[in-house]
Amino acid sequence: MTGAKTTSMAQYWDTPPAARRIRWAPFVIYGLLGFFALVYLLPLAVMLLTSVKPLTEIYSGSIISWPQQWTIDPWVRAWGSTCVGLSCNGIKGYFWNSTKMTVFAVIISTAIGMLNGYVLTKWRFKGANVLFGLILFGCFIPFQIVLIPMATLLGKMGMASSTPGLVFVHVVYGLCFTTLYFRNYYMAFPDELIKAAMIDGARFFSIFLRILVPNSLPIVVVTVIWQFTNIWNDFLFGASFSTGESAPMTVALNNVVNTSTGEREYNVHMAAAMIAALPTLLVYIVGGRYFVRGLMAGSVKG
Amino acid sequence: MASLEIVNIKKRFGDVEILKGIDIAVEAGEFLVLVGPSGCGKSTLLNMIAGLDTVSEGEIRIGGKTVNALHPSERDIAMVFQSYALYPNMSVEGNIAFGMRMRKVPKEERERAVQEVAKTLQIDHLLQRRPAQLSGGQRQRVAMGRALVRKPRIFLFDEPLSNLDAQLRVDMRTEIKKLHQRLGATIVYVTHDQIEAMTLATRIAVMRNGELQQLGTPAEIYSKPSNTFVAGFMGSPRMNLLPGLLRVEGNDWRLEIGIEGTPAARLPLGALPEAVRAYSGKEIIAGLRPEAVTDHGEADGATRAVVDAVVEVTEPTGPDTLAVLELGGREVTARLRPDTALKPGDHGRFAIDLAKMVWFDPATGARVV
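Chains A and B supply the protein sequences, listed in that same order.
If you're matching positions, the first sequence starts at 0 in numbering that gives the first Met the number 0 and goes up one per residue.
If you're matching positions, the second sequence starts at 0 in numbering that gives the first Met the number 0 and goes up one per residue.
Isolated chain B, as found in the complex (with noise of 0.2 Å):
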């Protein structure tokens, strides 16, 4: 049984419509993540949820159970805020066991289930301790104390790490994912931040303007991105979106990509899904990972295509080197080897592992296969 139903949400400010009509079903021990631009309703939906949001239309259900008309202390989640929402005047201690303390739960009991939840995430030295008294991280801990200490059916999290400066953003998340799977717990996550919802989630909700765009795992999400939108926004850096003119002469399939006034680049495809011929002779967008275009010579003989292009721009990382590459007047971000001798200004040979392009219609925007 599902353990979070959202069920054809809708929510009106007056005339505008913020979510048009949302439908995902999370399993008991999923880890959803609702990724999308500022804007796109996924932290209004995940308050409607919460109950701290009222809902225009439709059902959310929590266990079986409707929980549109339940207070937010009633629908057995608990939630962890962007700002860690402590409360200032309270120890560490008050803070975690202010819940408890609101259903008159028996003092020793609360002590005793404080005591738990402090140890379990390392926070039993700072119990006396007030908010203001700790730095970010540990506010962050005391924050899913709060949380944790409730056992909610489900953990509601609205970007919690977004405050965190980057190296102690990277610990907490891995400690997030621990913690997941040593609870096996059902949690719902808001992130704009598109590598937190990859690494944390065992599903993906990509949203934009109040819609879903994709419901689906990490590697679906990556490796099939359903519009151009989800294939620009998830990856970084981007996936290279490149319109083209579908060609065939023969059995040679190609793509002409270019723009007014240069020589059209000329990719040559291997063999090509029904679906991708039927635009023969006509527009379509190719979309390329840029780990898809590489160095002369690592991509896998058979489904690799060849192509001369000009290097404008290298981004060393460490581990590889970003180059930005131009291919019939377009950019193309590639992912060459880390030592690699290519330089701004350089013309050079690269592989392209067609296997990992997907196919977009240009009207549409969606992907064809």
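If we strip away everything but chain A, and leave its shape as in the complex, we get (with noise of 0.2 Å):
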């Protein structure tokens, strides 16, 4: 009997120790995992693919076949030659539209929200919560509600069907996320520093200069990528506060691909949506990793 069990010990320890129990967990795992890789990505190869096959081929074949010839014709129809509405110079004009209106409307609103941001946790005055509360409860205002009092607004600044006046709206409607994410971060700035800063001689806007914003990246990358994405993005707006030649990327590119005139060109259509999703694509690889990070930062404190 003791000779029985010695021997299937023996065989235990005999067998490699992979053949003794399989382990499905990371089969399970990198499975679904490439599953889900797989749902995301599709859109997006079916987009490239399209996009680069002449036109008859989209016609002809199934929309997810291999090109049978490359070709980057709708890249460049789509950038300087495609309809957007009656006028066919492509989508260049709307894509540098796009570009100012986010570029000043991303630098003023993080700015402003800087600013408040410190004066809120810095400078505190009688009512700075209350202030704050109002600020934050404009981050959930929905964008509907102000449409008509906005075109009002514009209308009587002068502003109206410009592109100053989307980066006015743009700057208004930031500035509540932008105050929030400033003002949490400099929440856990230790005040000792810039009680030292005083000390040495800085007032108000010194200390803000050369303590606070050389210290401030990670939040930086943080709101200039969130409000990159949503001012780039927003489609609303620009469709309520533009025509014509100001409208911004999205407005142009809704007006490319809703065209009723003549045969559809998918592949430019979805060269047109390529260029206009490439610029927050660009952000995100650049600040993406400050992003994960900025996010995190000051949760921990305060």
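Calculated directly from the structure, the hints in this document are not laboratory data.
There could be a bad hint or two in this list.
[Said to hold, decoys possible] No more than 20 Å apart at the CA atoms, straight line, and that leaves these computed lysine to aspartate or glutamate pairs for DMTMM-like:
1) K177/B / E158/B
2) K281/B / D307/B
3) K223/B / E290/B
4) K125/A / D14/B
5) K121/A / D52/B
6) K125/A / D52/B
7) K223/B / E273/B
8) K64/B / E4/B
Using the hints, put the two standalone chains together into the complex.
Written out as structure tokens, the structure is:
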């Protein structure tokens, strides 16, 4: 009996570890990850492939087939000569509209948000918390509610249907979020540094510019990514407060795709959509690694 | 002329009075330590001297000039913070020179001043580093460098050593004292650590609940505490405070120490001052430093009283052994020889140095003599 037992133990130890038990967990995890990656990437792949196929191939073949003939013509046409509404100069003009609008709106809203956060945390005054609560409230106002009053206001300020008008709208709307971000970040910023700077002779703006701003990179990146994607991707404000030549990229893209004349140039549409999406993609790639880090910053303390 | 005068300073937040009228005058070259438990108002007072907090009532004068309305940078002060408060985006050199840059001091002069201070503090090899690349002790030096370079009339220290580990704290303490002796600077230093206060100060201000409890030299504070709070707060281990009944029979005075249910211990006393004798037949609190309670045979014969007590706990510290004795139901800490043979539970005979005894009124807590 003892002998039999010894034999079975020996057999057990002779078997290589991997064969003793099949480990399913990695297969399940990677299988699921792969599946969902596929689900997410497929539309992008279809867009990309369609944008580099000639139109004839799209109309004859299946939508997901590999291109027989590669061409960058749709991209060139989307950029320079496709028809947006009545004019056929491509989307480049609108791309620059969006760029101007986004860059100015992001810079201005981030700068003011920074200053707001600084005042709300380091120069606290009576009612600062109430004011911050009201600003925070602005984050929850749905876009639709402000459309008509905003249109009236822009008209009275003489900024209707212009890029500066759109910049103004986005700055006003973005301020709530940028203020929230910077206020929470600066809450965790040590007060003693401000005191030390005061003793060193720095005043309101020199403390802000020389002490606070240089130490704000993570939260600046978060704010810029957030504001950039929101403003660049905005359609509602663009469609409501701009007309014709002053429209941003998103509105122009809609006009390209929803054209009612001629045949539908799917390859050009896809190329235009890709061009419209590229800047936000770029911002994520450049700033992405700061994004998560910045979102976590300040969450530990305060 | 006093370098710093704090005249009847009060601080209120709404209805709450944080400081209730503080008066302190600091002479040039003095090292004043503000000490007290947390929430006593010592840091608030320091911030008010610095101009970082507003004064509700009273006056602060620096060099004879009222500075209540002056910006912190115009008060001729420098401050070292608990967290060091070094600007993380600047090099050590940038940190030390920041104040001069704000005052638009020419570059050459700035560099010369930074070099001089860096040499004094032995951080000249660190000038190009960022604060994040420094150790705690190095950061501490940089923070002091930033204060030194201003050559202010008064240095303010806000618990500068409490973020350092024990060994480094002792080293830096010595260094701050050396610095004070070499520069002859006027220093106001806030701490909650009574040992720091004793070792550094030329004068100590003990505070509690926004009130000044006692202002005096370390020796005065230690041997003649003005009330039971100061007696208990300063010194480690704490002073023994023994409430008892003062009795007299003929010419023999004694203190009967005891709580209900235990037989009272009788402490024979020698000659007593008039003020203490007034408590004859009444309650009084006797204050005894642990070093006044020693092995039998240690204290001088003339002022010695002998008591028998039971040892409850012994704590060898190295240079001597602390023992908690039971005396009339109360605990008394004694400082014994390191080689004492007494063990917990042992009965022993101990000597009390009556010359080092202080007396407090049980109702007010104030010292009688």
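Quiz item: Which hints, by number, does the structure contradict?
Solution: Number 2 only.
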